[in-house]
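Take the two lone chains, each set in its own frame, and fit them into one complex as the hints suggest.
Residues per chain are reported as follows:
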Amino acid sequence: MSEIMLAVDDLWVEVGGKIVIKGISFEIPVGKTHILFGPNGSGKSTLLRTIMGFSAYKIIKGKIFFRENDITKLPLAERAKLGIGISFQEAPAITGVKLNQLLQILKNNGADIEEMATNLKMENHLMRDINAGFSGGEKKRSEILQLIIQNPNLVLLDEPESGVDIGNIELLGKYIDKLLQKEVHHNEMLGNIRSKSGLIITHTGHILNYVPADKSYVIINGKLVCKGNPSEVLEQISNNGFGHCEECFRREVIKDFKGICYETK
Amino acid sequence: MKQNKLNKDDIEKMELVGLAPDDKDRAGTFTVIDDEIDKSKSKTEGVEILGLSQALKKYDWANDYMWQLVDPHKDEFTERVWKYEQEHGPVGQFLRFKKGMISKEPFQSCFFIKLDRFVQTVHNIIIVEDEAEFHIITGCAVASYVNSGMHIGITEIYLEKNATLSYTMIHDWAPEMIVRPRTGIRIDSGSKFFSNYISLRETKITQMYPTARLVGEGALVKFTSLILAPPNSIYDLGSRAYLSAPNTSAEIISRVITKGGTAISRGNIIAEAPHTRGHLECNGLFLSDDGNIDAVPELTAKVRDTDLSHEAALGKISEEKLEYLMARGLTRDESTQMMIKGFLDIDILGLPPALEKEIRYNLNLMEDEAL
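Line by line, the protein sequences are chains A and B.
Going by our numbering, the first sequence opens with residue 13, and the numbers climb by one from there.
Going by our numbering, the second sequence opens with residue -12, and the numbers climb by one from there.
Be careful, since some hints might not be right.
[As the list claims (entries may be wrong)] Label-pair restraints from in silico Cβ distances:
#, chain 1, residue 1, chain 2, residue 2, range
1, A, 93, B, 297, 56 to 64 angstroms
2, A, 260, B, 302, 43 to 51 angstroms
3, B, 89, A, 175, 43 to 51 angstroms
4, A, 119, B, 28, 25 to 33 angstroms
5, A, 119, B, 319, 16 to 24 angstroms
6, A, 122, B, 204, 55 to 63 angstroms
By construction, these hints were calculated from the structure, which means they are not laboratory data.
A virtual CB, placed ideally from N, CA and C, is assigned to each residue, including glycine.
Next comes chain B alone, as it looks inside the complex (with noise of 0.2 angstroms):
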């Protein structure tokens, strides 16, 4: 057994991306530490939970969603989750939320790493079946004394028809910590994910492009993050929808602040299909003088019955708001401070109370150290 007990400073962290210990208010629980699973518990019959290798054991068809949303041979990243997969089979979490099941506490998932310089593969895949309605919080971190490493989490999620997913990522890395999440969602008719990311902390780079194919009629994603980007890190950041069914819509939604870092916010939608609707939006922040935001969105329309469009506006905190909040009686910095967590805004993100309750405490926790 390679992996040590987590201790109380690693559960600390767990808990700040999200993660309750006890498994309070939550639907289940699935955590990853290192390369190992930790616990895998459902809390509800809505809810199967599986390690990806047992899933694959217990039921043939497991197989025909593997490898179906993200490209194993697309980057060196994938080819290498896709070898280690060959020798030792995968880990990571095989999640199915039952037809017709709902659910107001979320499912919980944590991967965590606690070895230093450890390269940490896992491979996810989420059925949200007909009618079902879940919300999952993952978050993803490092023991205090971890400072590099390497993070590459392949997910693919599938919603079937008339299902309802919401997907919130918390990641809280290292300074060295290289992170590369492949994700690919298929959304079928009348379907509806939303995916919510948040990182606030040091990584020497987070590079991902979450893609979405909207196959059905009337279906819906929504991509939002809320980013901050210290000295030395970089994030890398878009997402990408086809809207392939007549009917679909997307909306690609960033927050994005610069301390010094390099943030890069891509968005990327593809109309396919007629009556469908696009839209990308990026605001960006600087807090210093120094750091790079570069907002990339493209737009392609592949037929003409469709409706893009992108807005994007970068720059310092206007002027004119802080003082207006100062001339109520708060300093400079409360008022910098009050407009960075009201930029970074949670309520965007449209969470059942309890959990969006939750993560503004965390989120706040993790303001507070950044700023």
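Only chain A is shown next, with the shape it has when bound in the complex (with noise of 0.2 angstroms):
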């Protein structure tokens, strides 16, 4: 069996007085990378955050795990210091702060800075305030470049192709299966070579394009429905919408319920 890098155990999650997750449960093993779908507001980001350990996501039942350790109660930057890092889908500028100055701190592995940014097109955003006045499409490769830089275990991306043309998506996947070890030929039965995994969400699913992924998931109304290989799950979702899902949500629901009966009977 191969060893786990994030386990998630029936997780609910409240964020400003509404519940938001319902009872998640799931596991990427290291190496792997997993996929989130789902509508917008069905709690996919709310989850990443979670996970992050943003202040503002309180949970309210259950547990999560990185390698084996209970993080549950961890602090956002002790989780990061562990390994966990994640890509902001609506990045904040932070004015007064050199881009190049954060990657000065995050070096983390051997990787070059200056190169690394221009590889991603970020040289002239160096010297830079971070984010500020950055477009949609050089914030995300920002966010690549400092995930490389930082060099994460478990790496989150939310939306990292959202706002994005068609081209610089091609540069982002490359780089996103940099992060992931892509390029480490994966022998399972050799064990676990590749030691990063992803959870990415995508709401297009064009990464999946360029980044290959194990499994995925669809997540409706903070709860998760379907399990299922990617680029199955992104067909049946691109041919019928959500609305085949949300079938699924109401026998996750009826399922529930009577879980309730059995339980107060």
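Take a look at the structure:
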């Protein structure tokens, strides 16, 4: 059995007085990349941001394990230090802090900042304030650049390709692959050679054309209603929207309801 | 001779406010200790530096520049300097940047107080002749054992035509020091004046309202201040610009932090001529539950064809931004420090790289201590 990078166990999360995640469980093995699909407002970003540990997201039930350590109560910065990294969907501008200044602090591997910035077409942004006046695509590339320099083991990507034109999606895809060590020949018969895992939210699925993934989930209304092969699930969604998933959601709710009935009996 | 010689400790304090003791990379030096000129030296033919009393003796016309931009009877502080000058003659610098001369190396001056409870009254005349381009770094500080006293500085700055001057002031006072600079600037056509004020240390009260008069077509002024008000300190700072000629513009930018003290950020732009532009901007940050920040912008348009605006934002550091940095593995403290240092960003001063590097280094030292 393969080693587990992330395990989420019956997670319930409240944001601003509203329960957004309602009992989600799943695992990501070391070396694997999983995908989160779901309509707007279904709870995908909340799940990702809860795993990262942002303070607005209150875990009311359930646990999160990172490499078998219970991190449910661990603060944000300590999770980052343990090796969890996130790319923001809407990264805020950090006025007065230069991109290069942060990268110098994050430097956690042999990666050459200048070279990597050039690869991601961000070399002219190194001396600029982080995200200040960056275009949508520049922000996304800046996020991936920061993650490559930070070098986390679990990579959480929140819609890395939204608002990015096709040409630049390919570029982003290439460096997300690098982030997830996709260049390493991953032969499961040899055990875990690849040490990075990923959890990627994608709305359009475009990123899957460049980043191979192992498994996907669909979240509807705070519940995980579907697990399956990423391309099959994407095809299903592309053809039928999330209508079919909502049926699965109702099935999940009925299962829960029955559970409660049995318990009360 | 009243004053003691400078010791190592004093020199360190002077260095912190920008003084290079050996004049290295400087166009010249002028220093006053208590009420005596300690050093007056020019390193380039483009700069003439004299004690003000000496200049008044040397040049008949020097008197035409006295008390023209600051009214001696404006308040009790100007009155005090005026009276002192009647009895003892002025103490201060007469600094002349000669026509067409340009230097990247700044001229430095320093006003230092070694006597506790001393009242320092200085008067400076600065003339930037046509097409000259210079930088000034001025530091004001007190010896480490000085706790109280007063500093009143009268400064009259004249920019002739198509000249540029950047004037960077760093202050390092003490808990019971009263600081009342009085500054007037006259900017003639095509000239640019950049005023930068940095003060992060304790003071009883530091109050000033430098006033620029843009009297020639195309003149420009920019006032920038970076302030941190520690507990029990009051900073009451404003800048005023009269846009009195066509195509003149003024920008007043302040970044103010309170760590428990009071910071008042005033600004006043008066448009008196057409095709003028003015912008006021104040950002204020709270680092503690105590303290006050007041942003008091005033805009006056006396003509229709002008464009005046202001914006202000006061509050604490955005949690969203802090968590952005924390998600990269920086602790809350590290993220906060980084944001504060970014907030007091000297990039906005537009200094030459070498001077900027120096000031950044000093600012870092002061920030580390203040935070």
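Do the hints match the structure? See the list:
{"no.": "1", "hint": "93/A <-> 297/B: 56 to 64 angstroms", "in the structure": "violated, 42 angstroms"}
{"no.": "2", "hint": "260/A <-> 302/B: 43 to 51 angstroms", "in the structure": "holds, 45 angstroms"}
{"no.": "3", "hint": "89/B <-> 175/A: 43 to 51 angstroms", "in the structure": "holds, 46 angstroms"}
{"no.": "4", "hint": "119/A <-> 28/B: 25 to 33 angstroms", "in the structure": "violated, 45 angstroms"}
{"no.": "5", "hint": "119/A <-> 319/B: 16 to 24 angstroms", "in the structure": "holds, 21 angstroms"}
{"no.": "6", "hint": "122/A <-> 204/B: 55 to 63 angstroms", "in the structure": "holds, 58 angstroms"}
Of the numbered hints stated above, those contradicted by the structure are hints 1, 4, listed in ascending order.
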